[in-house]
Structure formats: structure tokens, C-alpha cells
Amino acid sequence: DVKVTQSSRYLVKRTGEKVFLECVQDMDHENMFWYRQDPGLGLRLIYFSYDVKMKEKGDIPEGYSVSREKKERFSLILESASTNQTSMYLCASSFRAEYTEAFFGQGTRLTVV
Amino acid sequence: AQKITQTQPGMFVQEKEAVTLDCTYDTSDPSYGLFWYKQPSSGEMIFLIYQGSYDQQNATEGRYSLNFQKARKSANLVISASQLGDSAMYFCAMREGGYSTLTFGKGTMLLVSP
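First to last, the protein sequences are chains U and S.
Each residue of the first sequence is one higher than the last, beginning at 1 in this note's numbering.
Each residue of the second sequence is one higher than the last, beginning at 1 in this note's numbering.
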């Protein structure tokens, strides 16, 4: 079974803190993604990576950065957390071929207070 | 313009009945793929079904089928014989040829009643 594992299910952080969300996949997927999910807005792409050390901005990259030093691991970084970054964060991975589905982690519900 | 439009914020259906969840898409790329995902209240995203733009037949996976109407740019999900466990959020998504990313719609909440 494909596994995409996010390091935390729930996180509570203070405004201004630097926050790391970690994601690991075990299927040798080239692509990895970070999405943010908010009620009524669906899933919005923050960043994605198609190879080690490669990254591309998604639709809402402001306030976020990412790191991919190893193929299996993709980290999302909130440089200075703000209350408007309170949300559900979903990591996903997929093969590069366009007809293949993405597999998702269980999500991290982040609350910034 | 939105690339994926799901016009039904919520749908109700009785157990054992069929239900159709609407999805329209917008792309000028001749090569694309359409996906449906289910998200139960537990939060995980579960892949249900895929349709490629060049596929001649509608995709089917068990009780799920995709009503693909290319000229209308619609890819509706049909769930036959609804079960209580089908209550969840459903997302339509598109991957355009040459791009690795999935673009999602805003989702439809389906509630199945006994």
C-alpha cells in the first residue's frame, strides 16, 4: 500500500512561530504537493516539487516555503505563523505520468493562536 | 476563471438510490485527466475513479461511474445504490497534460439517509 505520512495530525502554534510540517512517502514518487483546505474553498495548491531540490509555486505560496532534500520527504515551512494560516494542510504524492492519481496523507489541522 | 466547477454544495440521497454529483471543467489542453476523490469526516482523501481525455468509454469502478461528456466539458460522478458510508465530501479534480499538479473543485457534501 502506498503510504503518505504527515508528521502531526493536530498542531497548535503561536503567532510568529516558525512551523514545520513534514511529509514522507514510501512509493518513490517523483511529485510531492502541499495543499491547504478551507471550508467552501476546496483544496488550494501551495507548493509542489517534481524532483529533489526542485520546487514550484502553486496558487497561494505567500507566507510559506518548502524544502525537498530527499526524494521521499517534503517539508512545508511557515516562516512566521499567522492566524490566517489556521487551516487543514494536506500532503500528496504521485508519479510524474499524467494519468496517475495522487495519494494523500491524513492531513494536519493547524491552529495558530 | 475556475478550472473545476462543482455547483452543488450539498446533496441528499436515500440509501439504495443512485445519485449524480456534477463537475464541469475548463481547459484548452487536448490531453488531460479527470479524477474524483472522497473525503469522509476523518479527513483522508480517497481516490475513487479516473477518466482520461482520450478514453472512449466512461470509467467505472464498482458502484462508481463517471459520466464523461467531452463536448460539454463535464465529468459527473454517478454513485449507484448509495450506502450510509458514502456520506462524505466529494471532490472533482483535473490534471492537464504536461503539468503535474491537480486542480480541485470546491467539493460537494453528500449525505445519505436511511
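Think of the hints as simulated: they come from the structure by calculation, not from any bench.
Don't take every hint at face value.
To be verified - Using C-beta positions, here's what the derived DEER-type ranges look like:
hint : chain 1 : residue 1 : chain 2 : residue 2 : range
1    : U       : Phe20     : S       : Tyr64     : 22 to 30 Å
2    : S       : Asn67     : U       : Lys53     : 25 to 33 Å
3    : U       : Leu11     : S       : Pro114    : 31 to 39 Å
4    : U       : Leu11     : S       : Gly10     : 39 to 47 Å
5    : U       : Asp38     : S       : Ser80     : 28 to 36 Å
6    : U       : Gly16     : S       : Gln57     : 52 to 60 Å
7    : U       : Ile60     : S       : Glu61     : 28 to 36 Å
8    : S       : Ala81     : U       : Ser65     : 15 to 23 Å
9    : S       : Lys70     : U       : Ser80     : 44 to 52 Å
Claimed, not checked - Some chain S residues judged to face chain U by a derived CB distance under 7 Å, without partners named:
hint : residue
10   : Phe47
11   : Gly52
12   : Ser53
13   : Tyr54
14   : Gly105
All C-beta atoms, glycine included, are put in the ideal place defined by N, C-alpha and C.
Exercise. Give me the numbers of the hints this structure contradicts, sorted from smallest to largest.
Key: 1, 2, 4, 8, 12, 13
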